[in-house]
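Asks: Read top to bottom, the protein sequences are chains A and B.
The numbering of the first sequence is our numbering, which starts it at 147 and goes up by one.
The numbering of the second sequence is our numbering, which starts it at -10 and goes up by one.
Just so you know, not all the hints are guaranteed correct.
Across the chosen pairs, the derived CB separations fall in these ranges [stated by the list, open to error]:
no., chain 1, residue 1, chain 2, residue 2, range
1, B, Gly63, A, Arg152, 43 to 53 Å
2, A, Ala153, B, His95, 24 to 34 Å
3, A, Phe227, B, Glu123, 31 to 41 Å
4, B, Phe163, A, Arg152, 33 to 43 Å
Keeping only pairs whose Cα atoms sit at most 16 Å apart, straight-line, the calculated EDC-like set for lysine to aspartate or glutamate is [unchecked claim]:
no., chain 1, residue 1, chain 2, residue 2
5, B, Lys17, B, Glu43
6, B, Lys93, A, Glu197
7, A, Lys256, B, Glu43
8, B, Lys87, A, Glu197
9, B, Lys3, B, Asp22
10, B, Lys93, A, Glu263
11, A, Lys256, B, Glu37
12, B, Lys3, B, Glu20
13, A, Lys166, A, Glu197
If you're looking for bench data, these hints aren't it; they were derived computationally from the structure.
All of these numbers come straight from a predicted model, not from anything done at the bench.
All residues carry an ideal CB built from backbone N, CA and C; glycine is no exception.
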Amino acid sequence: MQETKRAPKSRGRMFLSLLKIGTFTIGGGYAMIPIMQTEFVQRLGWLEEEEFIDIITLAQAAPGAMVINLSVYLGHMLFGFWGAALALVGSALPSFLIMGVIALFFAQLKERFSIVERMFVAVKPVVAGIIFAAAVRMVDNVGATWLNCLLLLATVAAVAALGVSPILCIAAGGALGILLMRERGKGDV
Amino acid sequence: MFEALASLYLTFWKIGSFAFGGGLAVLKLIEQDVVRANGWMTGAQFAELVALSEMTPGPIAINAATFVGVLVAGVPGAVAATLGVVTTSFVLMTLLAKLVMRVKDHPLAKAFFKGLRPVIAGLIVCAALAVGTEAVHSEITAVLAAGGFLAAYKFKAHPILIIVIAAVIGVALF
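Modelling step: build the complete structure from the supplied sequences, incorporating the hints.
Replies: What follows is the structure in structure tokens.
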């Protein structure tokens, strides 16, 4: 089990963590999941693994950028309306600033990009590994029961092999949950 | 000027409201609304934007809004487009947060989320596979992917630290 120490909740810490997440989310929206998991579940201890996964569900089902959706929800959950506004700014600011500078000075910066390209040859496979680690950690915490493993594999097969839309999988998972996992009394959170 | 800002805001508000399913959906809408309908960008600039979005951190929606905003109306344009693209996210997620707080302890809601957790883990595995199949194309990149997994899972290193180390390796090796 992970250590369960919790850092005291503070808007400043949240803002700082979201800035970090916004700065290092490279290689698509899902790349922020391991960073957010590390920051808010492991390091700060403000979220349970299950809560974190549930927020991902909601963020994934809504339109727009997943990082932004997640951050707004998290901010609201922790600190109400103004927390949500602060979280929005924190998660959007890094890419706004970086892209803004690039767009303004595009001509001058263009030849510098080869170094970034080289970095990415190594960063991208590593990000794949890190994202996979986040998924395995979730399974560890949710419990590797037969039903859970089956649902996970079915989702991977449906999306990766058959091209089924993630939203359809979410709807199906929720429906199956309601059918099969209703109230087993004690021990469940 | 005001007109340009208003139409930037509205166009990106629409993109932020209808982009379901991540970055690719955003790019498709941008191609439609920004390149074709408004003519704010040429096809070549759009291709540059796609390449840039992949190389810069953060969500494609924000990257694209900032880039197009600067192109059309400078820094105020970037602000207008970015505000537009996040408006729906903000409204919807604050409402959802309020709603879910109220219903999350209901047995049906609990069962709903319980059934979804393995599905979400599965979707994250898919994302890892998608990034992996694109990025792993040699022995070295395969070793790097495995190294990233071990560092994060087994040694619990912070993902940011792992990414920074990988960037250094990339510059040194390739």
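Asks: Hint by hint, note whether the structure agrees.
Replies: Status of the hints after comparison with the structure:
1. Gly63/B with Arg152/A: 43 to 53 Å: Holds, at about 44 Å.
2. Ala153/A with His95/B: 24 to 34 Å: Holds, since alanine 153/A and histidine 95/B (Cβ atoms, about 30 Å apart) stay within the stated range.
3. Phe227/A with Glu123/B: 31 to 41 Å: holds (39 Å)
4. Phe163/B with Arg152/A: 33 to 43 Å: holds (41 Å)
5. Lys17/B with Glu43/B: holds (15 Å)
6. Lys93/B with Glu197/A: holds (10 Å)
7. Lys256/A with Glu43/B: With Cα atoms ~15 Å apart, lysine 256/A and glutamate 43/B stay inside 16 Å; holds.
8. Lys87/B with Glu197/A: holds (15 Å)
9. Lys3/B with Asp22/B: holds (9 Å)
10. Lys93/B with Glu263/A: It is violated: about 44 Å lies between the C-alpha atoms, which goes past 16 Å.
11. Lys256/A with Glu37/B: holds (10 Å)
12. Lys3/B with Glu20/B: Distance of about 13 Å is within 16 Å: holds.
13. Lys166/A with Glu197/A: With a Cα-Cα distance of about 21 Å, the restraint between lysine 166/A and glutamate 197/A is violated, given a limit of 16 Å.
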